[in-house]
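Chains as they are written, first to last, in the numbering used here: chain A, 2 to 458; chain B, 2 to 458; chain C, 2 to 458.
Don't read these hints as lab results, they were simulated from the structure.
Wrong hints could be hidden among the right ones.
[Claimed, not checked] Taking lysine-lysine pairs in the DSS-like style, the calculated list, with each CA pair at most 25 angstroms apart, reads:
hint: 1; chain 1: A; residue 1: Lys-404; chain 2: A; residue 2: Lys-197
hint: 2; chain 1: A; residue 1: Lys-329; chain 2: A; residue 2: Lys-197
hint: 3; chain 1: C; residue 1: Lys-276; chain 2: A; residue 2: Lys-404
hint: 4; chain 1: C; residue 1: Lys-404; chain 2: B; residue 2: Lys-276
hint: 5; chain 1: C; residue 1: Lys-276; chain 2: C; residue 2: Lys-404
hint: 6; chain 1: C; residue 1: Lys-329; chain 2: C; residue 2: Lys-276
hint: 7; chain 1: C; residue 1: Lys-197; chain 2: C; residue 2: Lys-404
hint: 8; chain 1: A; residue 1: Lys-197; chain 2: A; residue 2: Lys-276
hint: 9; chain 1: B; residue 1: Lys-276; chain 2: A; residue 2: Lys-276
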Amino acid sequence: MKKKIGLLVTGGLLVSSTAHAQAPTVEGLSVSLDMVWIMVAALLVFFMHAGFAMVESGFTRSKNALNILMKNFLTISTAAILYLALGYALMFGSSIAGFTGMDGFFLTGHEDQIGFFVFQAMFAATCATIISGAVAERMKLSSYILLTVAMTAVIYPIVGHWVWGDGWLAELGFTDFAGSTVVHLTGALGAVVAVKFLGARLGKYSKGKVNVIAGHNIPLGALGVFILWFGWFGFNGGSTLAADPSLIPHVITTTLLSASGGVLASAFYTNIRFKRVDASLTLNGALAGLVGITAGTGDVSPFGAIIIGLIAGVLLVEAVTFIDRKVKLDDPVGAIAVHGVCGIWGTLAVGLFSTSTGLFYGGGITQLGVQAIGVLAVSAWTVAAVSTFLFIVTRFTTIRVTKEEEISGLDFVEHGSAAYELRESVFSDNSSAPEFGTGLVHRLNNLESPSKKAEAN
Amino acid sequence: MKKKIGLLVTGGLLVSSTAHAQAPTVEGLSVSLDMVWIMVAALLVFFMHAGFAMVESGFTRSKNALNILMKNFLTISTAAILYLALGYALMFGSSIAGFTGMDGFFLTGHEDQIGFFVFQAMFAATCATIISGAVAERMKLSSYILLTVAMTAVIYPIVGHWVWGDGWLAELGFTDFAGSTVVHLTGALGAVVAVKFLGARLGKYSKGKVNVIAGHNIPLGALGVFILWFGWFGFNGGSTLAADPSLIPHVITTTLLSASGGVLASAFYTNIRFKRVDASLTLNGALAGLVGITAGTGDVSPFGAIIIGLIAGVLLVEAVTFIDRKVKLDDPVGAIAVHGVCGIWGTLAVGLFSTSTGLFYGGGITQLGVQAIGVLAVSAWTVAAVSTFLFIVTRFTTIRVTKEEEISGLDFVEHGSAAYELRESVFSDNSSAPEFGTGLVHRLNNLESPSKKAEAN
Amino acid sequence: MKKKIGLLVTGGLLVSSTAHAQAPTVEGLSVSLDMVWIMVAALLVFFMHAGFAMVESGFTRSKNALNILMKNFLTISTAAILYLALGYALMFGSSIAGFTGMDGFFLTGHEDQIGFFVFQAMFAATCATIISGAVAERMKLSSYILLTVAMTAVIYPIVGHWVWGDGWLAELGFTDFAGSTVVHLTGALGAVVAVKFLGARLGKYSKGKVNVIAGHNIPLGALGVFILWFGWFGFNGGSTLAADPSLIPHVITTTLLSASGGVLASAFYTNIRFKRVDASLTLNGALAGLVGITAGTGDVSPFGAIIIGLIAGVLLVEAVTFIDRKVKLDDPVGAIAVHGVCGIWGTLAVGLFSTSTGLFYGGGITQLGVQAIGVLAVSAWTVAAVSTFLFIVTRFTTIRVTKEEEISGLDFVEHGSAAYELRESVFSDNSSAPEFGTGLVHRLNNLESPSKKAEAN
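Next comes chain A alone, as it looks inside the complex (with noise of 0.2 angstroms):
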């Protein structure tokens, strides 16, 4: 299913700031109005970082808290940039023989597709900031930003090439509207990989044993899934690319329906499950719903959104719980569960729900198959590419931080700073703020060590 640029593009009318001076007409309208949609819908993608920085930080401790909403800042910052010089020709550039583009770097010779370029660089950045919540509280920030840079430039817009630039699994029929496996799916699975490169964090698995490390601030992190939901409505409903008056409401209420499910199942699932609604799993079973629909939002009819986010709800608890106990994966928020295993679950879902080539709707299992193929191949050159991305960077230098760094906090060690206000008796015990009161705590406008140490060097 390639992204139909076209309707976006604004060469082809001549329409300019001058000409809309004009008198206007019913094609320039038109593309006007397409246009609108898919900024508001950018907008609001956009500010889906804001939520992951929220849950990111919400969901880890205090210690590491600036550090994570470094990672997300940097993330978005460095995506867009890079997304405009690489990573934009590739996933829409002409195709070399379906496997990626190769020209429109800068936008240069497709300065007219600037509004499908900003839409795109959002979801570029999504994909990547997918990894920080795994590699919390252990990774460096420089080698984060050094997997960001692969990521945004090249391994995602390979697979989005792939599958929405006139790639071979577009050409295969890999229907995935809004990107349960081109941005989900491939943002989880650089998770795994990098999970696997830094082992888990100190404290976590001890003598066979699988202990808690707490989330510090669930209300923020809640806050930050109501953001994300917010937000997915213009990932999901921007992705129809047009201002649709029967597809936008279609995507809104799926998409909608899908996240409700996602939270009753996780909420009730839990409940039989734990004896507790638990309050973090219900949270991501919100999040559960929204990959599982992104797939299939506009081919699903609301009942078929129920039941993929019921489903879900269900699979996001086993799956953190089989990744955390079984498989051992440190994840501190939950990202592969949700966004990977819920990515597979709502590419699949395409082929047993769409309306028109699912199996329960008459249409066989071979949508079905593609999808599986689809999830197959870009898993393959997800892992493939991230591990010999990492590789490379182990050979040179470490991408963890010490154990003593570790457990000072990375806003210490990386920011010389504290994320909340420090009183001897809220933090007394060590791990959070190391040498309180020592002049060592730095934030805004303290620059009094920092400047002197620089001036000594």
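Starting from the known structure of chain A, fit chains B and C onto it as the hints suggest.
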């Protein structure tokens, strides 16, 4: 004032995803533009749930923060699905004697109304979530969900049918542009009845003394108010149901001005009344102004909007004081004053300030009388329906947690977890974190004890 | 560069609520679409106030958090009403010698400009709120409100008239697309003067030493930065004043890229300069990039936008250091550096990077010269006007709280309350919660003591 569904029905023009790719027409574009505006508005109304969640958790104690967040997430999720299954059919189905609709369950036969449906679904959830704040810190999660089911599937849709469907109040000329009565008063009256059934929180009223139970995170609550205000522009602005270039900016303007009036009035009035600018009442003053303008936002002048907001801001302060100290209804977040008292004020204000029918604009007292009838009728129905429902429920189960559970906090009791990072020095009194450090605190990935417990069963 | 009000005037086409129900026309749809885009943008600009509130409260101490929140709520509320009454008339009324407008108070005679008014009203409030961060933690609430009145009713509208009305700077060719000078520099210069009148916070500069006063909740501040960035797309994007399908995506893209450049530059530069990635400066780097691109967002290339942002990010770091340590202006949130220094940079950058008139694109130095004149003229006016105003005010009253009140914190002194749940162990030093536990802490519903006090008077 029946809401004009017609404008948003896409089927009539046979504008489908396919049709859109064909040459655009003026009629098709008009439908598309209306739809884009209504969908943007629907998303803003959705985002109000983040606002409610932050206000309600910020204004209550940290030991109940997770619980209130879960109630908010489960409200929107339950409402979305039930409003599809039942609520929309009762509200907008073919009318039975002006009392209720009765067809279109699961949108069957009305698939082309999906845009209007999803906009209305966000409203249904808003009505229900108003109750969650008032019953915070003591109502069982399960009982609250039962009440949400009743509200979104039946009680609210009936009110909606009367006013926005082909109901008898619409026939009578009752005017409620975006829901001062339909949404806010209905929710607030549900809250009054629920609080009556529940009783006050432990320690609120003791030996004739009214005690203060302070919220735990007012900055989070303030953010929530800003989010609600932001979302309210969609709540009121989307109720235009069309991209009307005269009406939309008028609605945005009157909404801005009334909320501003509410803030200023609450700030100045608390400064006169209590010799200090009360922060929480000023925040609620913004909401008071918003509820107050909701019924008349399309019908009053900018100047009228300022007056409505100023009066709402003063009313709010007096209403919170009166309800808290005289009526002794324990409403932790002031929801009854904000949504109930100001909901009535806003509804009656149409009869005074409407530039077409209001008393102050030469329209006589007819409109004011009709508005009063609407308030009384909706009040009678809501109080009777919610009372009956809760009376039945309380025959079978208790709807309130035990005294011990309330002291421990609902986060620990219902979710086995805590909202914030725990440090002994931070929460040294045992009210918020009983048995801290014994392994009973569970968060994301903290599946050790609960699952063991589950396996043991 | 006069803002083209004409496009948003609905009256000319007689498109009324009634007309809309009639057959749509191409001209009518064009007006409707422009209006929808501008209204979406206006709401995003409104939401920036939530961002300012979170940045300012997060970057200051918890004992002043309520106070800064109140200042933010009162700013938007005061500005909305005063801009209707006075500001809009001065800014966009018929010009008197290019210096000020002088008709249309309360929109009288200009009712059909209500959409343009409400968009501009959000801008007026933004200019004023910039000051609130710089004067935080010591300026009396009442004095701050007086200053807000002066800024939104007169000082800012005069600047606005010069540049966006029929003013003399517009005639001269001064270009400020969305307000690097009009909004940001004007606000920042108001802040400079106010800080000069106020002096530094207690303990900031002692015995020639520059001390650090750390913020209390950086994650909340980071959320604020994300909200500001999100809203800024409306701030810049809406300044197109029309749904122009070429210009809007160009503006969104340059805004994204410049902010990204700001983040990257601040992160890398603080790492070089201070041997660590400074979190607060990196967050401010995003805002630096946003302020920097605001004047030229419609006129510079994507590549130019990256360069503008990179330079803004470095400038920000140097400016904060210089203002804090050399000039010794105590600006708790860095507002003067962000909005002032980068506002000047952004304005001059048009003269360098504008693809039509910039020095680097063969346009010579004319534009650069005009931009410099604009900066100087606006600076002279703003500094003179704010100085005069504060000089007069300080003849009648003190604008700063007493030393004892500052130590106690403004939340207790001005609001009789605290922002966070109080526990003895949390706030054990008496700076943030004096007389804790004696019944003097008041929040919502906490009307016992203050009302008694009021009754006693």
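Evaluated hints:
{"no.": "1", "hint": "A:Lys-404 - A:Lys-197", "verdict": "holds, 17 angstroms"}
{"no.": "2", "hint": "A:Lys-329 - A:Lys-197", "verdict": "holds, 10 angstroms"}
{"no.": "3", "hint": "C:Lys-276 - A:Lys-404", "verdict": "holds, 20 angstroms"}
{"no.": "4", "hint": "C:Lys-404 - B:Lys-276", "verdict": "holds, 20 angstroms"}
{"no.": "5", "hint": "C:Lys-276 - C:Lys-404", "verdict": "violated, 36 angstroms"}
{"no.": "6", "hint": "C:Lys-329 - C:Lys-276", "verdict": "holds, 24 angstroms"}
{"no.": "7", "hint": "C:Lys-197 - C:Lys-404", "verdict": "holds, 17 angstroms"}
{"no.": "8", "hint": "A:Lys-197 - A:Lys-276", "verdict": "violated, 32 angstroms"}
{"no.": "9", "hint": "B:Lys-276 - A:Lys-276", "verdict": "violated, 49 angstroms"}
Violation of the numbered hints given earlier is confined to hints 5, 8, 9; the remaining hints are satisfied by the structure.
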